[in-house]
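Novice: These are the residues of each chain, in order.
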Amino acid sequence: MTRSDLLRRIAVGAVASLTVVLASCGSSGSGSSSSTPPSTTSSGGTSAASPTPSAASGGESSSAPAPSTGQAAADLDPQCGKDTRTIKHDLGETKITGTPSKIVALEFSFADDLASIGVKPVGIADDGDSSRIIPEIADKVSGYTSVGTRQSPSLQNIAALQPDLIIADSSRHKDIYSQLSQIAPTVELPANKATLEMNLDAARTVALALNKCQEMADRIAENAATLDQYAAELPKDLPPVLFGVGSDKSVTVHNAAGYLPSVLIRLGLKYLLPADPSNPQAEESEETLVTQNPAIIFVASTDKAPTIFDQWAKDPVGSQIQAVKDGKVFRVDSNLWSRAKGITASEVVAAEVVKLLGGS
Amino acid sequence: MATSVIDGPEVGSAAPRRTSGSRVLVIVISCIVLLIIGFGLSLSIGTAAISFGAALSAVFLGGSTPADLIVRAIRLPRALLSMLVGANMSVGGVIMQGITANPIAAPEILGVSAGAAMVVVAALVAFPTMGGLPLVAAAIVGGAVIGLIVLLLAGAGTGRTSNVRLALAGVTIAALVTSLTQAFIIFNDNTADNVFFWLVGGVNFAKATDVWTLLPWTVIGMVAAMALASSLNLLGLGEDMARGLGAKVERTRVLGGVVIVGMTGAAVAVAGPITFLGLVTPHIVRKLAATTNHFVIIPLSALMGSTLLLWADIGSRFVRWPFESPTGVVTAVIGAPFFIMLARRQKVSG
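In order, the protein sequences belong to chains A and B.
Residue numbering for the first sequence follows this note's numbering, beginning at 1 and increasing consecutively.
Residue numbering for the second sequence follows this note's numbering, beginning at 1 and increasing consecutively.
One or more of the hints may lead you astray.
[Stated by the list, open to error] With a straight-line Cα cutoff of 30 Å, these simulated DSS-like cross-link-like pairs (lysine-lysine) come out:
hint: 1; chain 1: A; residue 1: 249; chain 2: B; residue 2: 248
hint: 2; chain 1: A; residue 1: 314; chain 2: B; residue 2: 207
hint: 3; chain 1: B; residue 1: 287; chain 2: A; residue 2: 325
hint: 4; chain 1: A; residue 1: 212; chain 2: A; residue 2: 270
hint: 5; chain 1: A; residue 1: 120; chain 2: A; residue 2: 88
hint: 6; chain 1: A; residue 1: 236; chain 2: A; residue 2: 212
hint: 7; chain 1: A; residue 1: 236; chain 2: A; residue 2: 249
hint: 8; chain 1: A; residue 1: 249; chain 2: A; residue 2: 212
hint: 9; chain 1: B; residue 1: 287; chain 2: A; residue 2: 328
hint: 10; chain 1: A; residue 1: 140; chain 2: A; residue 2: 325
hint: 11; chain 1: A; residue 1: 82; chain 2: A; residue 2: 236
hint: 12; chain 1: A; residue 1: 95; chain 2: A; residue 2: 212
[As the list claims (entries may be wrong)] Calculated from the model, a selection of chain B residues having no Cβ within reach of chain A, i.e. all distances over 12 Å:
hint: 13; residue: 47
hint: 14; residue: 74
hint: 15; residue: 124
hint: 16; residue: 172
hint: 17; residue: 175
hint: 18; residue: 186
hint: 19; residue: 204
hint: 20; residue: 208
hint: 21; residue: 238
hint: 22; residue: 291
[What the hints assert, rightly or not] Now the in silico label distances, taken between C-beta atoms and shown as ranges:
hint: 23; chain 1: B; residue 1: 258; chain 2: A; residue 2: 355; range: 51 to 57 Å
hint: 24; chain 1: B; residue 1: 62; chain 2: A; residue 2: 275; range: 40 to 46 Å
hint: 25; chain 1: A; residue 1: 238; chain 2: B; residue 2: 122; range: 19 to 25 Å
hint: 26; chain 1: A; residue 1: 99; chain 2: B; residue 2: 125; range: 32 to 38 Å
hint: 27; chain 1: B; residue 1: 162; chain 2: A; residue 2: 311; range: 43 to 49 Å
hint: 28; chain 1: B; residue 1: 220; chain 2: A; residue 2: 240; range: 47 to 53 Å
hint: 29; chain 1: A; residue 1: 81; chain 2: B; residue 2: 322; range: 47 to 53 Å
hint: 30; chain 1: A; residue 1: 99; chain 2: B; residue 2: 337; range: 54 to 60 Å
hint: 31; chain 1: B; residue 1: 152; chain 2: A; residue 2: 240; range: 55 to 61 Å
hint: 32; chain 1: A; residue 1: 232; chain 2: B; residue 2: 125; range: 56 to 62 Å
hint: 33; chain 1: A; residue 1: 310; chain 2: B; residue 2: 125; range: 51 to 57 Å
hint: 34; chain 1: A; residue 1: 358; chain 2: B; residue 2: 129; range: 29 to 35 Å
hint: 35; chain 1: B; residue 1: 36; chain 2: A; residue 2: 326; range: 49 to 55 Å
hint: 36; chain 1: A; residue 1: 358; chain 2: B; residue 2: 187; range: 36 to 42 Å
If you are wondering where the hints come from, they were derived from the structure by calculation, not from laboratory data.
Here the structure is a predicted model, which means the values were calculated and not measured.
All residues carry an ideal CB built from backbone N, CA and C; glycine is no exception.
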């Protein structure tokens, strides 16, 4: 231990001095690059933007015996039902009058939230690929117009739909907030880099904007009951699980601050990697995976393309991983497990988890 | 302690009056020492706690404990791949600077790496299971096409190609091609890990098969580069002088281009577009060795490029321990200021 620490220090020092000598400039290799993590930092604080003080009750419902129907009216946001509502969201406040009916959703989770309370969005940023809408909500949102990719949605297509509400992801669409606001009242909420709980809070905010608080409260209560039920079906005392996304060149593991891990935790599973909200995911080498030695792994990938994980599982090192030895590596669809992140999606994922881990 | 060993043989400033031959010898020896130390560190530094001695014994004495397997199956390919990629990129840079007579030319500056990466990504989108030789071939085609476009844009052949103009055309096209790569990735997948690899480049996920894919290209590329050394030396005297001495300038440029795209393309296919190595290494070599003789510069650049990337990869492990950061991040941190310095030295002309 001390020896490898020493080696590490020597290596850092040597690299740094080599760098300085060779490039004859003052920046050190490891030092300065570490100061530029390539991620947005806004998501860490987004949960604070929860608009409803009472919304915290959603978190408690996991331990309570499933409430069969919705929250009492007193628990809902006091603005609910009023004609003009001021929606607090991650990038400020947006005033909404009346009940919006032409809504554009710039993330799949928002489309799911809308579908969950029977609202059809007029536009969805579906990456130009309608098959990315999970089948469970496809019918409920049918007839929408694609507004392009989630990463850079087409402002022109959004404007053409003449929406009266735009729901955007505060990590992805931070920079186009002012443009979106010129088209229609816009709320920016956590979707991508957020946990299940933050996504449910976002759904409550969406409901407030739509003046459908009670419907959403009922739906979220139903969601809590469904997840509780799946949680109860899972075997007890399973070892910690790990979720990662595999590609042809690398494996990205998600820690407990990520969405999917938070769903697994909600189901009562133990999760292998502790939360790091500023960086909910990271690339991991085979060696690190072997060192962590997870006993249950969910590997998401697109289509049936082989991932580098498949090669690891066959080589002499990767085959030593407990999950590989026990046949507890589960291939899952990255569209549902990694992209979807909505209310319905969490229930579909939970059902798959129970099926894969052998529910009672 | 080890640091002093590394700093000790640092040459160049120490004895400016040394003859070229002994200078070169000192550089070769220091590079080899650094390479050996780096190789040992590369094998012994990782998330699994394995001592220096255990790592070396795993490689040279065998064994089948989990530690032995980790060293042989994961760390050894990673160390070897950094060395091969470092050599390929650096020699690509030497030849690029030689045939264009441009000190700020390099495969990554003139869009060859970016072009190779773009075509590889496009090929993987169309054929997700593609790998090995077909992928290298795709990278070579991409590198060649984009490299040619850059040369045409910069007005190559019209006799009015200024160094800065060539670099500008290259950087612009590279930026365009890189954003196309990004578009391919965004349209076809939303996982960040492919961006990590195909936009920045790294040897982090090296496999033994990658080493075997790249090795023949390194060997053939080195032989071909050495065969071009005397032509490059003539070209170094200036185009008119070279022609006067009977050099076939066009032939040298075409063959040089072939060697560049072969070596760079193969490296990009397995390690992504790792930047700045092809630019930086030849300059360090020429400066330290105080020579313009390509018979010296080419092998020395290969050696030094191997050493540099090996150490850059060791550095990359500490950026976000225990997770992976692309090796290309470290080379960019070293190389970007270097590029600016070189570009500032250029006379802006006609």
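Novice: Now tell me if each hint is right for this structure.
Specialist: How the hints compare with the structure:
1. With a CA separation close to 42 Å, the supplied pair residue 249 of chain A and residue 248 of chain B exceeds the 30 Å bound.
2. For the given pair, residue 314 of chain A sits about 12 Å from residue 207 of chain B by alpha-carbon distance, which is consistent with the 30 Å threshold.
3. A distance of roughly 54 Å separates the Cα atoms of residue 287 of chain B and residue 325 of chain A; the hinted pair therefore is violated under the 30 Å criterion.
4. For the hint linking residue 212 of chain A to residue 270 of chain A, the alpha-carbon distance of about 35 Å lies beyond 30 Å, and the restraint is violated.
5. For the hint linking residue 120 of chain A to residue 88 of chain A, the alpha-carbon distance of about 23 Å falls within 30 Å, and the restraint holds.
6. Restraint check: the Cα-Cα separation between residue 236 of chain A and residue 212 of chain A comes to about 37 Å, which exceeds 30 Å; the hinted pair is violated.
7. Taking the CA atoms of residue 236 of chain A and residue 249 of chain A, the gap is about 35 Å. The hint is violated against a cut of 30 Å.
8. Restraint check: the Cα-Cα separation between residue 249 of chain A and residue 212 of chain A comes to about 45 Å, which exceeds 30 Å; the hinted pair is violated.
9. Annotation: proposed proximity of residue 287 of chain B to residue 328 of chain A is violated, straight-line Cα distance about 56 Å (limit 30 Å).
10. With a C-alpha separation of about 42 Å, the suggested pairing of residue 140 of chain A with residue 325 of chain A is violated against the 30 Å cut-off.
11. For the suggested pair residue 82 of chain A and residue 236 of chain A, the alpha carbons sit about 46 Å apart, so the restraint of at most 30 Å is broken.
12. For the hint pairing residue 95 of chain A with residue 212 of chain A, the CA-to-CA distance comes to about 16 Å; that is within 30 Å, so the pair holds.
13. Residue-level check failed: residue 47 of chain B sits 4 Å from the nearest beta carbon of chain A, not beyond 12 Å.
14. At roughly 5 Å, the least C-beta separation between residue 74 of chain B and chain A is not larger than 12 Å, which violates its mark as non-interface.
15. A beta-carbon of chain A is positioned within 12 Å of the beta-carbon of residue 124 of chain B; the least distance is around 6 Å.
16. Non-interface status of residue 172 of chain B relative to chain A is upheld: no Cβ of that chain comes within 12 Å, the nearest being about 21 Å off.
17. At roughly 17 Å, the least C-beta separation between residue 175 of chain B and chain A is larger than 12 Å, which holds for a residue marked as non-interface.
18. Consistency note on residue 186 of chain B: stated as away from chain A, yet its beta-carbon is not over 12 Å from all of that chain's, at 5 Å minimum.
19. Its beta-carbon lying about 6 Å from the closest one in chain A, residue 204 of chain B breaks the requirement of being farther than 12 Å from that chain.
20. For residue 208 of chain B, the condition that its CB be more than 12 Å from all CB atoms of chain A is violated, with the nearest at approximately 9 Å.
21. The beta carbon of residue 238 of chain B is kept farther than 12 Å from every beta carbon of chain A, the shortest such distance being approximately 29 Å.
22. With a minimum CB-CB distance of about 18 Å to chain A, residue 291 of chain B clears the 12 Å threshold, and the non-interface call stands.
23. For residue 258 of chain B and residue 355 of chain A, the Cβ-Cβ distance of about 55 Å falls inside the hinted range of 51 to 57 Å, so the restraint holds.
24. Taking 40 to 46 Å as the suggested C-beta distance range, the pair residue 62 of chain B and residue 275 of chain A conforms, at roughly 41 Å.
25. Here the CB-CB span from residue 238 of chain A to residue 122 of chain B is close to 42 Å, at odds with the stated 19 to 25 Å.
26. Distance hint check for residue 99 of chain A and residue 125 of chain B: the Cβ-Cβ separation is about 42 Å, which falls outside the suggested range of 32 to 38 Å.
27. Remark: the range hint 43 to 49 Å for residue 162 of chain B to residue 311 of chain A is upheld by a beta-carbon distance near 47 Å.
28. For the pair residue 220 of chain B and residue 240 of chain A, the beta carbons lie near 48 Å from each other, so the given range of 47 to 53 Å is met.
29. For residue 81 of chain A and residue 322 of chain B, the hinted distance range of 47 to 53 Å is satisfied, since their beta carbons lie about 51 Å from each other.
30. Hint check: residue 99 of chain A to residue 337 of chain B, Cβ distance near 57 Å, so the stated range 54 to 60 Å holds.
31. In this structure the hint that residue 152 of chain B and residue 240 of chain A lie 55 to 61 Å apart at CB holds, the actual value being about 57 Å.
32. Evaluation of the 56 to 62 Å hint for residue 232 of chain A and residue 125 of chain B yields a failure: the beta carbon distance comes to about 43 Å.
33. For residue 310 of chain A paired with residue 125 of chain B, a C-beta distance near 19 Å fails the hint of 51 to 57 Å.
34. Range check, residue 358 of chain A to residue 129 of chain B: about 32 Å between beta-carbon atoms, so the 29 to 35 Å window is met.
35. A hinted range of 49 to 55 Å for the beta carbons of residue 36 of chain B and residue 326 of chain A is inconsistent with their spacing of about 41 Å.
36. A C-beta distance of roughly 38 Å is found between residue 358 of chain A and residue 187 of chain B, which places it inside the suggested range of 36 to 42 Å.
Checked against the numbered hints given earlier, the structure breaks hints 1, 3, 4, 6, 7, 8, 9, 10, 11, 13, 14, 15, 18, 19, 20, 25, 26, 32, 33, 35 and satisfies all the rest.
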